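K.L.:
Turn these sequences into a full structure, and let the hints steer you where they fit.
Numbering (our numbering), first residue to last: 1 to 311.
It is worth saying that the hints were derived from the structure and are not from the lab.
Values in this document were obtained by computation on a predicted structure and should not be read as measured data.
Wrong hints could be hidden among the right ones.
As the list claims (entries may be wrong) - Using C-beta positions, here's what the derived DEER-type ranges look like:
id, residue 1, residue 2, range
1, GLY166, SER83, 32 to 38 angstroms
2, ASP87, ARG288, 44 to 50 angstroms
3, ILE309, ILE218, 35 to 41 angstroms
4, THR76, LEU242, 42 to 48 angstroms
5, PRO167, SER83, 50 to 56 angstroms
6, SER162, THR269, 38 to 44 angstroms
7, GLU59, GLU97, 22 to 28 angstroms
8, ASP224, GLU59, 58 to 64 angstroms
9, THR92, LEU242, 32 to 38 angstroms
10, GLN100, LYS292, 28 to 34 angstroms
11, THR188, LYS292, 24 to 30 angstroms
Unchecked claim - Think about it this way: if two alpha-carbon atoms lie no more than 25 angstroms apart in a straight line, the pair counts; the simulated DMTMM-like pairs of lysine to aspartate or glutamate are:
id, residue 1, residue 2
12, LYS292, GLU93
13, LYS135, ASP87
14, LYS233, GLU59
For each residue, glycine too, the CB sits at the ideal point set by N, CA and C.
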Amino acid sequence: MGKLTVILAFLCSSVLFSCEENITIDLPEGKPELVVEGHIEQDAPPIIILTRTAPVFAEVSLQNLQDSFVHDAQVTVSSGGQSYKLDEVPSTEFSNELKQALSVQFGVRPELLSLGGGFTFYIYTSDELKGETGKSYQLEITHEEARLSATTTIPHLNPIDSLWAGPHPLPEQDSLRILYYRYNDPDTLGNSVRYFTRRNSEPFYAGLFTSVFNDEFINGSTIDYPLDRGEPKGQAAINEDLYSYFGVGDTVTVRWAAIDLPHYRFWYTLENEQNSNGSPIGSPNITRSNIKGGLGIWGGYGVTYHTIIIK
Numbered sequence: 001m002g003k004l005t006v007i008l009a010f011l012c013s014s015v016l017f018s019c020e021e022n023i024t025i026d027l028p029e030g031k032p033e034l035v036v037e038g039h040i041e042q043d044a045p046p047i048i049i050l051t052r053t054a055p056v057f058a059e060v061s062l063q064n065l066q067d068s069f070v071h072d073a074q075v076t077v078s079s080g081g082q083s084y085k086l087d088e089v090p091s092t093e094f095s096n097e098l099k100q101a102l103s104v105q106f107g108v109r110p111e112l113l114s115l116g117g118g119f120t121f122y123i124y125t126s127d128e129l130k131g132e133t134g135k136s137y138q139l140e141i142t143h144e145e146a147r148l149s150a151t152t153t154i155p156h157l158n159p160i161d162s163l164w165a166g167p168h169p170l171p172e173q174d175s176l177r178i179l180y181y182r183y184n185d186p187d188t189l190g191n192s193v194r195y196f197t198r199r200n201s202e203p204f205y206a207g208l209f210t211s212v213f214n215d216e217f218i219n220g221s222t223i224d225y226p227l228d229r230g231e232p233k234g235q236a237a238i239n240e241d242l243y244s245y246f247g248v249g250d251t252v253t254v255r256w257a258a259i260d261l262p263h264y265r266f267w268y269t270l271e272n273e274q275n276s277n278g279s280p281i282g283s284p285n286i287t288r289s290n291i292k293g294g295l296g297i298w299g300g301y302g303v304t305y306h307t308i309i310i311k
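P.N.:
As structure tokens, this is what we get:
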């Protein structure tokens, strides 16, 4: 269940829980909203996870998570004048292609996506549609009285120029390395990126604190910069001695994904909210969804992969 919790971490981000001895809080429950976690990348099918929000003080349980999935919605993705109906697929029927796509996006091993154990994961997808760079995709969802819509674009590929490893700042940590990248930003404002890293046979993990960048301050420039190792979400504690570094001998693959500005703003504001959660001096933050009529994200990825053996 720990791995499934990683996948569901975003879906359940609106579920908060608290307890205080001898205090009773009676708050009115808001109307449930639909939450979309959807993406499409080049040469891969669209994947939509559709859930509903839970009351603020609702019990967090496996059954409640199971019940949060929204079934029998009408989901379509349109591009270039052609529309594709997405089918609801349970995890017990995931193809190897779907398992691989979910593994790459959500940081979970493919074999763990259909273990069962009383929990079934649901997505909406279509094997008739594969993403293409430079194209826009319109998402429409209808469920009971709810009407949701969003548009995203798969940007043209915007790859890293090169990767290399440098020494750890502490001489005694001579088995660890910092990963650096060189990036040549096009001379057009608005280029944005989300990155993931994979070490050896691990899944791809997004950057833990910040996984997105844009060129607001570097437009048209070439930069050399360190790239933190991606980490699984939901860890109880971070090993500060190892965080962000790679080990000598590691085979590292960087998944470097061009994204459009609305997609960037969603992850930037969501990560800011997560990083400042609980801080008494943090500024109020609102996650900027691109979903009209609901919450969440519908985002395109123009992906390139870059591999290096750490020496």
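K.L.:
Indicate, hint by hint, whether the structure satisfies it.
P.N.:
Going down the list of hints, with the structure as the test:
| no. | hint | result |
| --- | --- | --- |
| 1 | GLY166 x SER83: 32 to 38 angstroms | violated (49 angstroms) |
| 2 | ASP87 x ARG288: 44 to 50 angstroms | violated (30 angstroms) |
| 3 | ILE309 x ILE218: 35 to 41 angstroms | violated (28 angstroms) |
| 4 | THR76 x LEU242: 42 to 48 angstroms | holds (45 angstroms) |
| 5 | PRO167 x SER83: 50 to 56 angstroms | holds (54 angstroms) |
| 6 | SER162 x THR269: 38 to 44 angstroms | violated (31 angstroms) |
| 7 | GLU59 x GLU97: 22 to 28 angstroms | violated (36 angstroms) |
| 8 | ASP224 x GLU59: 58 to 64 angstroms | violated (49 angstroms) |
| 9 | THR92 x LEU242: 32 to 38 angstroms | holds (36 angstroms) |
| 10 | GLN100 x LYS292: 28 to 34 angstroms | holds (31 angstroms) |
| 11 | THR188 x LYS292: 24 to 30 angstroms | holds (27 angstroms) |
| 12 | LYS292 x GLU93 | violated (30 angstroms) |
| 13 | LYS135 x ASP87 | holds (22 angstroms) |
| 14 | LYS233 x GLU59 | holds (21 angstroms) |
Taken one by one, the earlier hints fail for this structure at numbers 1, 2, 3, 6, 7, 8 and 12, listed in ascending order.
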